[in-house]
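Kindly generate the complete structure, drawing on both the sequences and the hints.
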Amino acid sequence: MIGLLVSLGGCDDFLTKEVLGNSTDENFFDTKYKLQAALNASYDVLQMDLFNECEWRFGEACADDVWGGDEGLGSQMGQLVHFRFNTSNEWIRNRYDINYKGIHRANQVIANVNRVKLSIYDYNSYREIREILGQAKFLRALYYFNLVKTYGGVPIRQETETVDNLVIPRSTAEEVYAYIEKDLREAAIMLPARYVGNDAGKADEGAAVALLMKVLMYQAIPGEKSEKWEEIVRLGEFFVDGTPLTFGEILKFDNTVETWEALRKRLWFQPQEEIQPSDPYETDNTLLNPLHNAYSIEYKDYYGNSISYVEQFFQIGEFCKGSVFEVVFKESADGSGGDENEGTPIYTNHYSTSPQIWSTDAIIQEIFSSDARRSFMIGHQQYAPDGEIAQTGPGRHFSLKWYTPIKDRPQYGGDNGKNRRLIRYAEVILMYAEALNECGKGDLALIKLNFLKSQANKIDNSSNLYVGGGYGYMRDQIWKERRIELCYEWDRFFDLVRQGRAAEVIKIYGAKRANKRGYYFRKGINELFPIPQSEIDISNGIVVQNPGY
Amino acid sequence: MMMTVNISCEQDVIKNPKATIEINKDKLNINESLQIVFTGEADQVVIFTGDDMHNYDLRKESNTGFVVDKNVFTYSYATPGTYKVVCIASTYGDAAVNLQFDTCAVVITVIDDQTEIDRLSCPQILYDEVFAERLANDNWIMRLPRKVRYNNLTPSIALSQRLKFYVQSDSTQFFINGNAFESTKKYDLSSTVNIDVKSHFGTVRPYTLHTLYYPEFESFKMLGVNGKLKRTEFDYSSFELEITLPNGTDVSHVIPEFKTYAATDKIYINDVEQISTVTAVDFTHNVTYKIVSFLAGNSDIQAIGTVKIKIIYQ
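Going down the list, the protein sequences come from chains R and F.
In terms of the numbering used here, the first sequence opens at residue 7 and continues consecutively.
In terms of the numbering used here, the second sequence opens at residue 1091 and continues consecutively.
Take these hints with a grain of salt, some might be off.
[Unchecked claim] Straight-line C-alpha distance at most 27 Å; calculated DSS-like pairs for lysine-lysine: (1) F:1237 <-> R:231; (2) F:1254 <-> R:513; (3) F:1237 <-> F:1160; (4) R:327 <-> R:407; (5) R:231 <-> F:1275; (6) F:1398 <-> R:447; (7) R:447 <-> R:258; (8) R:518 <-> F:1380.
By construction, these hints were calculated from the structure, which means they are not laboratory data.
Have a look at this one:
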């Protein structure tokens, strides 16, 4: 017994030695590679099945372009699309959680960027860190945008979480939008115009400016003049027409709030004292990288080769001229299901013999009428562009946007690596057109609208164009084109809400359905979903519920 | 040594359920939150809210309740009425056997006193929807074009138009000049329209709707030549007036002759009032007339049109 005690006493030094070679909270972020790893984790949320599930369940299934296979009031999904849910609905909880997961991961990058130690203090070293930080800001903005358009004002999490700040009250929607805008404005000056080559797929300036336009549009009210609409016009002039825009303009830079040099330092522009004569020095008058030549409404692939309309959504169309930001999926080729980085469930939910949602003849007629883009809907036992016969089930129609051509199919069924288009140049044009009309420039709005329509007309050599008219007529035509061009891209519900007509449209749709799905939409209430009940419960009254729930 | 091992089957003891709830109020407005806190004893709690598809009495006809999470349930009603809220508290043993349940109920009254008009429009000005502007004291002003340009045609717009109301409640009723509103009927907007908005609760709120055409020149002549008014599809208040004059015509001091549709209209250039056949104008510079129409008896209610003069020399 004595001998045993002696031998135990001899291990003391070994136990107190620092473990070498492992990452700790202190050193995890000390190189750009580690910071990049943290950024990858934030991108990873975009690829998660749950993130995408919540995207289509809210953005598409809650609106009027689809029917679903899960519409019974006995299920959580059925209650959601009927607007007969309670505040504990699992999908309402899931969407809240998954977007905060993305925010948390982006915050890890943003909060810890200053721990990076450069080995060389040159322009490129700063640029590399700046671009990682800019992408994290874009992603954080995207996740917060998802939250604010779903729940209204939400808690803005502190970048560094501690046990003392776990429960924080909701900010107002205006405050959340301001927070998002700031991230996007800064991301726009931090990022290159468009990532290419191996970097294609990263969020870039184009993605930041496009999302900023959308965020502004969601704050603007149709029919009411506002600075938001005016700024969308200004951003459209820059993005589409090539009118120069300075760093100071997009930032709304105010040197009474922060000096230019302090801003440069915060955003990882090379400090003035370290700049070499050959290095650029960015000021508030520096011009943003132009975008008007980086994108096109023409159907062209990444290399500039012509592709068909629907091929924009296939693998051949990944990073095509009309794609601004994509969720990148990768085929793992290991045959396993449920992996990260694979988009399989997206495609099986929308194009398979057992889909979650589908469209109908009547809806297709309502959306497209005689528009050529109708031909990219496919019905039961019709043929896909590569000759495969569709087994959608009688009466069901799918959008070929979610079709995976035979040649693109992965070796194993669960490994689909086809990207999801999240922001497209066509939407940039449509946001620009809508803002022009809202600013009393209907004539210019018509030019932009027909610019897009003319491209679509090439599908069947049609000559149908939109016709000039008063404000409301132009607005309706722009909204019609939005529905046609952007259909089945999971944005319809939120588009209807921000247009202020969700109740009107969804109730009419619900009245036509045998199960009345959507008929119970409550105007003034259901435009926002409730904060998940568990958040209310654990906050002990600090997080306040939305009105009507 | 012998050890005795006692193995006993644990008796599946099921608690008696007790259904009791507390509510924050029993009289609510539509869309106002009702909070129900379950204070009883149960393994599972379900609330039937009493409205359509959630009526406890119709539970055998596919009406369903809501499962309550963590003893707190919030809800609101879209339609006014009296609702029986039923709480079912249930307990059960392992494998969901020996189900026992208890129920309790409260009656909720929901009223709808919504009389606020959010927006008001003429929904069919040819293909356009034109919105009225809200003024003070529940007055609204609708400004309509006299004509619109559409596909190279210029059809006239009558002052007999349909109306459309945007309100938060489906139960609100409207009365136009004392008669029940019909969405497909055309109403005479040439004089002030009295609108009564009656909530389901019974409150009546009066509104008035005034209508003016955007003013424009009925005729415009200078140096004996008639101008031709051109309108745009996009803006009902802006016009261009083309006048063709011989090359070399001196337009530096010209007294035009013009007429608008309403004798009370005021015409200005840069805030200086212009009188037909009296005021001289230098047309060597760009000239834009501003025409202001007033509502009879209330000069604060206006419609403004602008006319840009374009002289073509040939």
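Okay, the hints, checked on the actual structure:
The straight-line distance between the Cα atoms of residue 1237 of chain F and residue 231 of chain R is roughly 24 Å, inside the 27 Å bound, and the hint therefore holds. The straight-line distance between the Cα atoms of residue 1254 of chain F and residue 513 of chain R is roughly 17 Å, inside the 27 Å bound, and the hint therefore holds. A threshold of 27 Å between alpha carbons decides the hint, and for residue 1237 of chain F with residue 1160 of chain F the separation of about 62 Å lies outside it, so the pair is violated. Pair hint residue 327 of chain R plus residue 407 of chain R holds up; C-alpha atoms about 16 Å apart against a cutoff of 27 Å.
Restraint check for residue 231 of chain R and residue 1275 of chain F: the C-alpha separation of about 31 Å exceeds 27 Å, so the hint is violated. A distance of roughly 17 Å separates the Cα atoms of residue 1398 of chain F and residue 447 of chain R; the hinted pair therefore holds under the 27 Å criterion. Taking the CA atoms of residue 447 of chain R and residue 258 of chain R, the gap is about 24 Å. The hint holds against a cut of 27 Å. Proximity of residue 518 of chain R to residue 1380 of chain F is assessed by CA-CA distance (about 49 Å); at most 27 Å being required, the pair is judged violated.
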